[in-house]
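S.K.: Join the two chains, each given in its own frame, into one complex according to the hints.
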Amino acid sequence: MFKRVVPICKTLTNSRSKAISRYYSSLNSEQIEMQSMARDFSEKELFPNAAKWDREKIFPIETLRQSAELGFGGIYVSEEYGGTGLTRLDASVIFEQLSMGCPSTTAYITIHNMCCWMIDSFGTHEQKQKYLPQLCSMEKFASYCLTEPGSGSDAASLKTRATDKGDHYELTGEKAFISGAGASDIYLIMARTGPSGDINTSKQHKGISCFIVEKDSLTFGKNEHKLGWNSQPTRSVVMDACKVPKENLLGGEGEGFKIAMKGLDGGRINIGTCSLGGAQKCFDLAVDYVKNRKQFNTSLSGFQNVQFKLADMATDLEASRLLIRQAAVSLDNKETDSGVKCAMAKRFATDKCFNVVNDALQMHGGYGYLNDYPIERYLRDLRVHSILEGTNEVMRMIISKPLVTK
Amino acid sequence: MRILVGVKRVIDYAVSIRVKPDFSGVVKDNVKMSMNPFDEIALEAGVKLKEAGVATEIVSVSIGPEKSVDILRTALAKGSDRAIHIQHDENVEVEPLAVAKLLKKVVEKEQPQMVLLGKQAIDDDACQTPQILSSLLKWQQATFASKIDVSEDKSTAEVTREVDGGLETLKIKLPAVVSCDLRLNEPRFANLKAIMAAKKKPLEVLKMGEMGVDTENRIKVLKVTEPQKRQGGGKVADVNELYDKLKNEAKLL
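Residue numbers (numbering that gives the first Met the number 0), protein chains in the order written: chain A, 0 to 405; chain B, 0 to 252.
The following block holds chain B by itself, in its conformation from the complex (with noise of 0.2 Å):
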């Protein structure tokens, strides 16, 4: 069974952010960036179920410029068999929509049984690929994922989600895509002999302007700015005030 698993390239979650002074984006020359904390999940999950005996074989891919491989390595140190970088252009912003139909040519290619996403990516919490993907493909989607479990002949998976009110466990047909939460495992380190074999492992590089996919950027970001400073609280005489202030100034009611 060969499980696709999706790795993206995004500001390291420990950073301190800040906005440009033209307010186009945020400051990304000279910031650390590594692995979507949710993809390194995703990846643990497709390890974990190729150490059970249940996958055969698991492909990382990334869809990014040229540093990118970076990650796609560190998914190779981390327990990936192969991986493919659908490389594109510095700045160049890929929309949802286009990644999830760039991985559609992927899965069309490499036939896996199941794609495991991180939930959402850190930098645009999107959280719109897996279930855009699915749509695409036409399969069952299970996403939230605190839980998986494969049957025997690897036809249904039983997935646990999150949600807001609790836990619900969805039986899915395979091939699905499943997006993954915080709580389905906890991220290994990769050993240095993994790293250094990884240099071995095969790493294929595609040109995301010939796979024959339109990618072109349907939204437009009009401005970024840094969210509101946290204000004071302040105490309230009575019930009016109470309603008066969230009704004129907070303006929720």
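Here chain A stands alone, though its shape is the one from the complex (with noise of 0.2 Å):
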């Protein structure tokens, strides 16, 4: 048995770069230092700013770039195309500790990520030459397109229409719900190629393409007045006979949906992550209230039913912790079921730890109703985690399509 043991040992320790090990067990001394940078940035520059951001809707474009200097504009992305070149792991630590500070800019931040990492997995060397540089350093924003008015769940439905024109290709359609719309330059928009007559048949899926469209040939609805999420725009994506160069193909034709999908597995373990972050900073604050506010002349901390809902919120953070992690590693590990782990830990992290914040809130008693008390804005923040990047509905669709089948 204990020969077993000693690879496994060296594993463990060898831990730079790719995850190795197929198990996550505890962050590495480089993780540990990067979670204290992350924090650090997150504690100065995101939690003192983010109530302003979220009641005047400022998309914080400075404090952005300046994550994009720290290296977490790109943090998957490969160092060849300005991205730091490191893992999915990783990268949950971080957004874990800056999605405490603010879930709202700290999602964004993700998904402008998720879309350098689609560029940079299925992009040309000349597509990634000419994009990711200035997208990785912020220069640059960049949307993820694909949900319309007509489909949301069903993806696949999409009605986005690309022509080939010869020397180019026009798009013609309407994207909703798109974060950071109007102030991204560039949009990834997933459109039909293919036969329409194949929407709604099993094969709708395969003619989809995926495009890099920039900024100018797009116009943009108004910015729609949300629960949350204020710190960035979010506007409908009209394109009328919009001219796309043929270079601008992401991948090949047919290939879209799959991009987006894979695009989506890395974004489940973001949102996951936002969730958590937001959470976890929600707990902080209320395990501080309770200890402090005293009512029957008892600190409420003193109150077991008090005792027994922390136990219960800090029990769901470390599983969602886990469960995240764990898909984070399996990603990185390029597992075959890594989409249902990543599903697995969207599904169970995002609804866990909106209850966490909500508990917290009533932790909070009136002051949780207020403004003045941050607790209100991350109950906002985080109701949309489990409608957005896949209903939690379509995650269980996800987790339960391997059992099933026959």
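Treat the hints as calculated values from the structure; they're not laboratory data.
Source: prediction; values computed, not measured.
You may find that some hints are simply not true.
[Claimed, not checked] Under 10 Å between C-beta atoms, here's a sample of chain A residues computed to sit facing chain B:
no.	residue
1	Leu-26
2	Ile-31
3	Gly-84
4	Lys-221
5	Glu-252
6	Leu-369
7	Met-396
Built from N, CA and C at the ideal position, the CB exists for glycine as well.
M.R.: Next up, the structure:
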């Protein structure tokens, strides 16, 4: 038995760069250093400004660029094109800390990262050279455009049409609920190159292609009034015979849906992570509050119902963290079932962590309801995490499919 | 020009400190530890001098238990070229006099042109090490620096100090000891690439007991207690009552 223990120990200590171990167990010293730095940045630059960004609907471009200077613009994009060349696990550790400061802004950073990764993974050398350096530095911002007014969960039924005009493509259609739209310079747009007749058949996903579209040819709807995520604009993106150069097709024709879904796998770990960070912050605030607040001549932390509630919250946070980190390791190791693990992590963490924030708000009593206290902002920000990047219902479809498929 | 920067691992400034039940000290178990904030400022000053082409090498040194290596890694990530860890056992207290003597040994080996230290550590607030070190080395000192300018030929430096009366500018001969105050600069965040690169930078570990320095404590801590809780104020009827309270209750006169 000892013989098998030694090789595993070797891999755990030799943990620089790509995940070698199959199972997440703990962070290495570099990850702890990155975590510490991200926490510093979050506490100094995100948390103090988040309430203002939320209230005044400010997209914090300067702060985003500052985060990119630290390497947060393309965390798992290859260094060759300006990325930081780290792993999904490293990214999750970093995003969790950032999200403790501002889940909304961090979520945008993760979306930007996802777009960069898609170009890095499926792009040609020319496309990567052209777009990635400026995206990784956040000189330019990116948005991911899949959802349409008529297709959300049924993403593959999208209608935006891409017509091959010989020397360019022409895109016509509308995308809805696009994060960063209007502010972003680069848009990854999923459009149909295949026959429209395939929509609502089992072949519908095969006719979708992914395009890198620059801002000038697009028009945008109004900035949506939202419950949360106010530090990022959300708009519809309208294409009216929009000209896209042939060389801006990402991957091959018909590969668009696969690319979009692969992007979302990692995106799901990121959104789960954003929920986790936000919930951890609210939990920390609640622990502090109940130790100090007294009623019936006792600190709230002296009451067993409060203690038990905190215990359950702490357990849910720990479970969410482990599920997320294990999904990240699985994705880094390119395991075949990583998609299911990512779906599980997203579904679990977004649900549990929203409840943790809700409980933390309850523990704050009336103060929890006030804007002066940050908890309600976290509640509003986290509420959308069980909806976007695949609703938690779609997550259940992904998880159950291999179980029931004969 | 080589600069030596001293960094200390202390309880993080944001932590709510609790006194141990036996009043022998403060609770340090499971408490977040970080680099002393004034040392971060000192390190940033050194790195800025290197970026300006004035300094050629920044060497960070820390005296502490095994875990101080984390602080040195942070220093390497933030721009230090090399690090030296003078390691001692857990729960050993090292006083400013001993720290200064140990730093003197390092100075004798490394031959820096400047030693940059934080003005004081936020755990003991001693504010003595820079002054003692400069005395042991017989070097000039400039403490509470809010601005440092090194001359072209690197033989002198002009240092602006924050003193009670305002700002005082000194011209000092190099090599010298400079201690850094709050407004000298704003320390940078280490970026991810630097954090990854830090692993490859040299980190030398020395054992404190083998350095031939007398590190025996001369100070005995009798008791550590919380500061008195803030009392409510009160109104006085006239100057006589005020005088009486100041003299007999607060014992300030």
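S.K.: Decide, hint by hint, whether the structure agrees.
M.R.: To see whether the hints hold, each was checked on the structure:
This hint is violated: Leu-26 of chain A has a C-beta 13 Å from the nearest C-beta of chain B, more than the 10 Å allowed. Hint status for Ile-31 of chain A relative to chain B: holds, with the closest Cβ pair at about 8 Å, below 10 Å. Proximity of Gly-84 of chain A to chain B holds as hinted, the smallest CB-CB distance being about 8 Å (cut-off 10 Å). Given hint, Lys-221 of chain A at the interface with chain B, is violated; its Cβ is 36 Å from that chain's nearest Cβ, farther than 10 Å.
Nearest Cβ of chain B to the Cβ of Glu-252 of chain A: about 36 Å, over the 10 Å cut. The hint is violated. Nearest Cβ of chain B to the Cβ of Leu-369 of chain A: about 24 Å, over the 10 Å cut. The hint is violated. With a least beta-carbon distance of about 36 Å to chain B, the hint placing Met-396 of chain A at the interface is violated under the 10 Å criterion.
Violated hints, listed in ascending order, are 1, 4, 5, 6, 7; each of the other numbered hints is respected by the structure.
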